[in-house]
Each structure stands twice: as C-alpha cells, then as structure tokens.
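Residue numbers (this note's numbering): 425 to 628.
FYI, nobody ran anything at the bench for these hints, they're computed from the structure. Any given hint might turn out to be false.
[Claimed, not checked] In silico DMTMM-like links for lysine to aspartate or glutamate, alpha-carbon gap of 20 Å or less:
hint : residue 1 : residue 2
1    : Lys492    : Asp535
2    : Lys595    : Asp577
3    : Lys624    : Asp535
4    : Lys616    : Asp606
5    : Lys466    : Glu490
6    : Lys428    : Glu556
7    : Lys624    : Glu427
8    : Lys625    : Glu459
9    : Lys625    : Glu559
10   : Lys616    : Asp592
11   : Lys492    : Glu427
12   : Lys538    : Asp592
13   : Lys568    : Glu623
14   : Lys573    : Glu559
15   : Lys540    : Asp591
16   : Lys573    : Asp535
17   : Lys527    : Glu574
18   : Lys616    : Asp535
19   : Lys568    : Glu541
20   : Lys616    : Asp555
21   : Lys616    : Glu445
22   : Lys439    : Glu566
23   : Lys428    : Glu469
24   : Lys616    : Glu604
25   : Lys492    : Glu459
26   : Lys453    : Asp555
27   : Lys428    : Glu566
28   : Lys439    : Glu469
29   : Lys453    : Asp592
30   : Lys624    : Glu559
31   : Lys441    : Glu427
[To be verified] Distance ranges between label pairs, derived from CB positions:
hint : residue 1 : residue 2 : range
32   : Lys595    : Tyr450    : 30 to 40 Å
33   : Asp539    : Glu623    : 47 to 57 Å
34   : Met536    : Lys428    : 44 to 54 Å
35   : Asp542    : Lys428    : 39 to 49 Å
36   : Glu490    : Val520    : 36 to 46 Å
37   : Asp539    : Lys428    : 52 to 62 Å
We put the CB at the ideal spot given by N, CA and C, even for glycine.
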Amino acid sequence: MAEKIILLASHNKGKVKEFNELLSPYGFKAVPADELGIDMEKALETAPNFRGNSLIKATYAYQQSEGKYPVISDDSGLCVWGLNGFPGVHSARFNVDGDYSYKAKQLKIIDMLKDKEDRSASFFCVLTYIDENGEPHQFMGEAKGHIAKEIHDCGNGFGFDPIFFSDDLGKCFGEASSTEKDSISHRGKATKQFLDFFEKKLGL
425 MAEKIILLAS HNKGKVKEFN ELLSPYGFKA VPADELGIDM EKALETAPNF
475 RGNSLIKATY AYQQSEGKYP VISDDSGLCV WGLNGFPGVH SARFNVDGDY
525 SYKAKQLKII DMLKDKEDRS ASFFCVLTYI DENGEPHQFM GEAKGHIAKE
575 IHDCGNGFGF DPIFFSDDLG KCFGEASSTE KDSISHRGKA TKQFLDFFEK
625 KLGL
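Based on the sequences and whatever the hints tell you, model everything.
Here is the structure:
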C-alpha cells in the first residue's frame, strides 16, 4: 500500500525529517513544498501573530497544490517579555547590522536585557493542518522560561535554544537532549495535540 502524501509548507530539511518520523507509522509521508514546485518564499508572513502566519503558509501551500493534498505548516518564535515580546514573529527575520546568524541574535538579546529585571520568555509554536476538505485546524504549544545571562551551547538544539533557560528542565534548551526537550518544548506540545487529533481522525 502506497504512502499517502501530506504537503509540508516548508523547505526546512530538519522539519521534513521530524514530520516524517512522526507520520510514517500512520502510513503518511511528509513531502516538502519545493518537491512539488511550490515556492514558499512567496507566502508573505504579514500577520501580527504566530497563528496568523502559520495559517498564511498552510493556505498558500494548499492553494498552490490546488487542494490535492492535506497540508501541515508551523510558525514559531521566541517572545521575551522584558522586551515587550520581541523578537516574536520576527524571530527568524530580524538581524544585527545585517548579520542574520543566531549567534549574533543571541548576543544581541542578552545585551538588550542587561539592565532589565524581567528576563522571562516563552517559546511558541503553532501547527496548522489543512485537511483534505480544505478545513484548517490549529494547535499551539508554549514553553516557559527566561533568558540566560550567557550562551549555553553544548551542541544541542538550534536557534535561540542556547540562551533559553527552561523552567521545566532547569537548564537551557541548548544543554538538553532531544528527548528531554521534545517532552516539554513548544513544538513538542503542539505536535502532541496534532497527533492526538490525527489519531482520532483516523479512528485509531
């Protein structure tokens, strides 16, 4: 029996691998948008929040595929409350004097907080699943913590993980194993909600 395709509204190889590991036990294969000739760079993320941008990406991919496949998209980012929620929806796109590297962003955020008492922060992830009937379903996960005063990079994680100290783990995401992180991370929580929904949909 051939695997059923779910279109992943992303070109990110890490996300493709992650979703295929999650979906393959159910007989589904996540296929990245570029393999179907869809340029996700044209999906303009203009919403002021993660829910809106996740829906924009999913809807764009669904329309470009002419509704042939169900779609999964996600939008995620870091909100630092002492900086009024910055970088938020701009987590991936903000830069430091033209430097888009996460090392530069990590150092910038630490510097911006040097005179702030409130270092609390949250990671958010919103998954959007558009089913075969074109109906969207959304799932949100949040991980709470605070920004460390220095980078804690043990080679684990990516993005802002080395400066995000998890309240649940008692250490930075950059110091946590993938198993530890997945159990309490924003993406892990959103994904669990989606898989619970998916299993009910499949009657499992």
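Hint by hint, here is what the structure shows:
1. Distance check on the hinted pair: Lys492 and Asp535 sit about 47 Å apart at the alpha-carbon level, beyond 20 Å; violated.
2. Taking the CA atoms of Lys595 and Asp577, the gap is near 11 Å; set against the 20 Å cutoff, the hint holds.
3. Pair hint Lys624 plus Asp535 does not hold up; C-alpha atoms about 46 Å apart against a cutoff of 20 Å.
4. At most 20 Å may separate the alpha-carbon atoms for a hinted pair to count; Lys616 and Asp606 meet this at roughly 10 Å.
5. A distance of roughly 16 Å separates the Cα atoms of Lys466 and Glu490; the hinted pair therefore holds under the 20 Å criterion.
6. Note on Lys428 and Glu556: the hinted pairing holds, with a Cα-Cα distance of about 11 Å set against a maximum of 20 Å.
7. Restraint check for Lys624 and Glu427: satisfied, since their Cα atoms lie roughly 19 Å apart, inside the 20 Å limit.
8. Straight-line distance between C-alpha atoms of Lys625 and Glu459 comes to about 27 Å, which puts the hinted pair past the 20 Å bound.
9. The suggested pairing of Lys625 with Glu559 holds, with an alpha-carbon distance near 13 Å, which does not exceed 20 Å.
10. Distance restraint check for Lys616 and Asp592: the Cα-Cα separation of roughly 17 Å lies within the 20 Å cut-off, and the hinted pair is therefore satisfied.
11. Of the supplied pair hints, the one linking Lys492 and Glu427 holds, its CA atoms being roughly 15 Å apart against a limit of 20 Å.
12. Only pairs whose Cα atoms come within 20 Å are accepted, and Lys538 paired with Asp592 is rejected, the gap being roughly 24 Å.
13. Distance check on the hinted pair: Lys568 and Glu623 sit about 27 Å apart at the alpha-carbon level, beyond 20 Å; violated.
14. Proposed proximity of Lys573 and Glu559 is contradicted: the alpha carbons are some 43 Å apart, above 20 Å.
15. Of the pairs offered as hints, the one joining Lys540 and Asp591 holds, with about 19 Å between alpha carbons and a cut-off of 20 Å not exceeded.
16. The straight-line distance between the Cα atoms of Lys573 and Asp535 is roughly 9 Å, inside the 20 Å bound, and the hint therefore holds.
17. A threshold of 20 Å between alpha carbons decides the hint, and for Lys527 with Glu574 the separation of about 11 Å falls inside it, so the pair holds.
18. Of the pairs offered as hints, the one joining Lys616 and Asp535 is violated, with about 35 Å between alpha carbons and a cut-off of 20 Å exceeded.
19. Taken as a hint, the Lys568 and Glu541 pair is honoured in the structure, with Cα atoms around 17 Å apart against an allowance of 20 Å.
20. A distance of roughly 17 Å separates the Cα atoms of Lys616 and Asp555; the hinted pair therefore holds under the 20 Å criterion.
21. A hinted pair counts as satisfied when its Cα atoms are at most 20 Å apart, and Lys616 with Glu445 qualifies at roughly 13 Å.
22. For the proposed pair Lys439 and Glu566, the alpha carbon gap of about 18 Å is at most 20 Å, so the pair holds.
23. Between Lys428 and Glu469, the direct Cα distance comes to roughly 28 Å. Violation of the 20 Å bound is thereby established for this hinted pair.
24. Distance restraint check for Lys616 and Glu604: the Cα-Cα separation of roughly 15 Å lies within the 20 Å cut-off, and the hinted pair is therefore satisfied.
25. Between Lys492 and Glu459, the direct Cα distance comes to roughly 14 Å. Compliance with the 20 Å bound is thereby established for this hinted pair.
26. Taken as a hint, the Lys453 and Asp555 pair is honoured in the structure, with Cα atoms around 15 Å apart against an allowance of 20 Å.
27. Our distance criterion of 20 Å between C-alpha atoms is broken by Lys428 and Glu566, whose separation comes to about 30 Å.
28. Taking the CA atoms of Lys439 and Glu469, the gap is near 18 Å; set against the 20 Å cutoff, the hint holds.
29. Restraint check: the Cα-Cα separation between Lys453 and Asp592 comes to about 32 Å, which exceeds 20 Å; the hinted pair is violated.
30. Proposed proximity of Lys624 and Glu559 is supported: the alpha carbons are some 16 Å apart, at most 20 Å.
31. Distance check on the hinted pair: Lys441 and Glu427 sit about 16 Å apart at the alpha-carbon level, within 20 Å; holds.
32. Under the hint 30 to 40 Å, the C-beta atoms of Lys595 and Tyr450, about 33 Å apart, fit the expected range.
33. Between Asp539 and Glu623 the CB atoms are about 48 Å apart, so this pair conforms to the stated range of 47 to 57 Å.
34. A beta carbon spacing of about 46 Å between Met536 and Lys428 agrees with the range 44 to 54 Å that was offered as a hint.
35. Distance hint check for Asp542 and Lys428: the Cβ-Cβ separation is about 47 Å, which falls inside the suggested range of 39 to 49 Å.
36. Between Glu490 and Val520 the C-beta distance comes to about 41 Å, which sits within the given range of 36 to 46 Å.
37. Between Asp539 and Lys428 the Cβ separation comes to about 54 Å, which falls inside the hinted range of 52 to 62 Å.
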